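Chemist: Sequence:
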Amino acid sequence: MTTFAAQSFDPARVAHLSGRFAPVTAEVDEADLDVVGELPADLDGLFLRNGPNPRFSPIGSYLYPIDGDGMLHGVWISGGRARYRNRFVRTPAVVAEEQAGRALWGGLESMILPKTPDVSPELAGTFRDLPDINVVRHAGRLLALAESDCPFRMGPDLDTIGRETFGGALPAGITAHPKIDPLTGEMLVFCYTLEPPFLTWSVIGPTGTVIGGPTPVHGVDEPLMIHDMALTARFLVLVMAPVFFDIEAATSGGAMITWRPERGTRVALIPRDGGPVRWAHDEAFWLWHTVNAYDTVPGDGDVVLEYVQWAHLALGAPGQDERPNPGGLVRAVVDPFGGTMHRTQLDDSRIELPRIDDRLIGRQHRWIAVASGTGAVGLLPGEYDAIRWYDTEDGTGASLLWRAGDLSVGEPVFAPAPGDGSGGYWMTYATDRTDASSWLLVIPADAPSAGPVARVRIPVRVPLGLHGNWLPTEEHSLVP
2 MTTFAAQSFD
12 PARVAHLSGR
22 FAPVTAEVDE
32 ADLDVVGELP
42 ADLDGLFLRN
52 GPNPRFSPIG
62 SYLYPIDGDG
72 MLHGVWISGG
82 RARYRNRFVR
92 TPAVVAEEQA
102 GRALWGGLES
112 MILPKTPDVS
122 PELAGTFRDL
132 PDINVVRHAG
142 RLLALAESDC
152 PFRMGPDLDT
162 IGRETFGGAL
172 PAGITAHPKI
182 DPLTGEMLVF
192 CYTLEPPFLT
202 WSVIGPTGTV
212 IGGPTPVHGV
222 DEPLMIHDMA
232 LTARFLVLVM
242 APVFFDIEAA
252 TSGGAMITWR
262 PERGTRVALI
272 PRDGGPVRWA
282 HDEAFWLWHT
292 VNAYDTVPGD
302 GDVVLEYVQW
312 AHLALGAPGQ
322 DERPNPGGLV
332 RAVVDPFGGT
342 MHRTQLDDSR
352 IELPRIDDRL
362 IGRQHRWIAV
372 ASGTGAVGLL
382 PGEYDAIRWY
392 DTEDGTGASL
402 LWRAGDLSVG
412 EPVFAPAPGD
422 GSGGYWMTYA
432 TDRTDASSWL
442 LVIPADAPSA
452 GPVARVRIPV
462 RVPLGLHGNW
472 LPTEEHSLVP
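Here the numbering used here is used: the first residue of the sequence shown is 2, the next is one more, and so on.
For the record, the hints were derived by calculation from the structure and aren't laboratory data.
What follows is a list of derived Cβ distance ranges for each label pair:
#, residue 1, residue 2, range
1, Asp283, Asp158, 43 to 49 angstroms
2, Pro93, Gly206, 24 to 30 angstroms
3, Gly276, Ala23, 47 to 53 angstroms
4, Gly420, Ser58, 46 to 52 angstroms
5, Phe338, Gln100, 55 to 61 angstroms
6, Asp43, Gly156, 26 to 32 angstroms
7, Ser58, Gly300, 49 to 55 angstroms
8, Asp433, Asp392, 26 to 32 angstroms
9, Phe338, Pro460, 53 to 59 angstroms
10, Gly168, Pro118, 33 to 39 angstroms
11, Gly206, Val25, 36 to 42 angstroms
Everything numeric in this text was worked out from a predicted model, so none of it was measured.
In this text, a Cβ means the ideal position worked out from N, Cα and C, and glycines have one as well.
Generate coordinates for the entire structure from the input sequences, incorporating the hints supplied.
Modeler: Structure follows, in structure tokens:
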């Protein structure tokens with residue numbers, strides 16, 4: 002593949018490489034973290050989050066939130082006490098750059114690829130791995146996930162074990178947002194590529210063995226970008242916004258990712274039993290993240306999909322794209338047989354990073370938690386200063402709001418309370434805009450608008466973004 006040197010690039014001028022988003026390089030272990038308030042006695046497990054964190058100052062380009070090396074930030078909680086550890090996901094590119102003491106790969110937009118003797122022949126001319134978006138546990142494996150590539154398996158102390166191909170069955174990789182069916186234990190995934198077949202889906206059984214796929218999605222005949230998915234008892238749900246890849250343009254200095262609204266947005270309902278794909282089509286919109294999906298009738302009926310909608314895809318530096326980009330929480334009802342889709346705007350607040358109680362994936366949920374902007378301060382794209390909760394059973398569109406004040410908050414993650422399945426806590430990392438200190442917040446689900454009952458001081462700043470999960474001790478052995 003032809004490469005070219007990017008034109009003038011100054012990482013100091015990239016907003017998402019500074020301030021609350023700035024990468025950190027120190028790997029820290031600290032026990033007995035300071036706690037303001039009191040950690041609930043029934044919390045026992047690991048809060049773990051992944052996110053883009055370049056190991057060295059980027060060269061060529063930097064496109065948030067796609068570029069960047071992965072770094073895991075973990076807080077182990079037990080007996081009302083907490084400890085912390087962070088580690089880079091050490092891909093071959095990170096290891097090579099650590100040996101060189103500088104960045105060797107450019108950002109995706111720059112197409113700068115290393116050559117020998119800077120790297121080994123095996124790495125020369127290759128793209129870097131980017132497992133920097135999410136981290137999940139399935140079948141005893143802890144996986145740092147990339148956009149559409151192989152995840153990297155991590156050890157119990159967050160050391161990097163290596164690239165995970167699931168016994169060679171999924172060499173092209175999976176998505177950054179797999180969905181684990183809480184009833185079957187299956188993990189469903191998809192993978193888009195730049196060459197045919199452009200889109201496939203697979204099923205990884207509860208023991209970690211691939212039991213289905215990769216299966217091509219018929220009707221997809223060009224490379225396009227899909228960030229997230231949803232799941233029902235019947236279908237894998239993929240929203241295909243008109244975001245296409247143009248490698249030829251990228252190699253000659255143009256844009257690799259293009260927005261083509263005239264193509265509209267399609268929704269694929271892929272039967273989990275292997276039946277033909279059902280399609281629906283609508284005017285163009287973009288989504289980064291789904292909330293959840295479910296069948297209106299068990300084993301039948303329409304499909305309800307809730308998600309955070311944007312008018313178009315926006316990437317790059319703040320202010321680079323001045324088009325209005327309204328969004329908010331949307332519910333779409335898709336008819337699998339008629340191919341129609343009806344969208345209802347539930348709220349137009351500035352929100353992102355939606356989560357539910359993951360035990361309800363694929364079934365009707367009640368509460369949705371999101372990171373939200375209050376408009377009170379000037380924040381960067383991807384930065385939020387509140388958490389909002391929607392009650393989908395209320396019927397009025399009402400929501401609860403906790404204003405975080407000087408804190409910029411991240412994705413809220415639900416941690417169920419042990420026992421009968423009722424109750425729990427919402428957890429998120431947050432960074433103080435006044436002194437750059439970072440905290441783990443623990444917010445009770447039964448009174449979320451009252452704010453945290455505990456704030457755990459993190460010994461290093463945790464850069465804002467992206468995704469993580471709560472891993473109960475009773476279900477894993479990832480304590481170092």
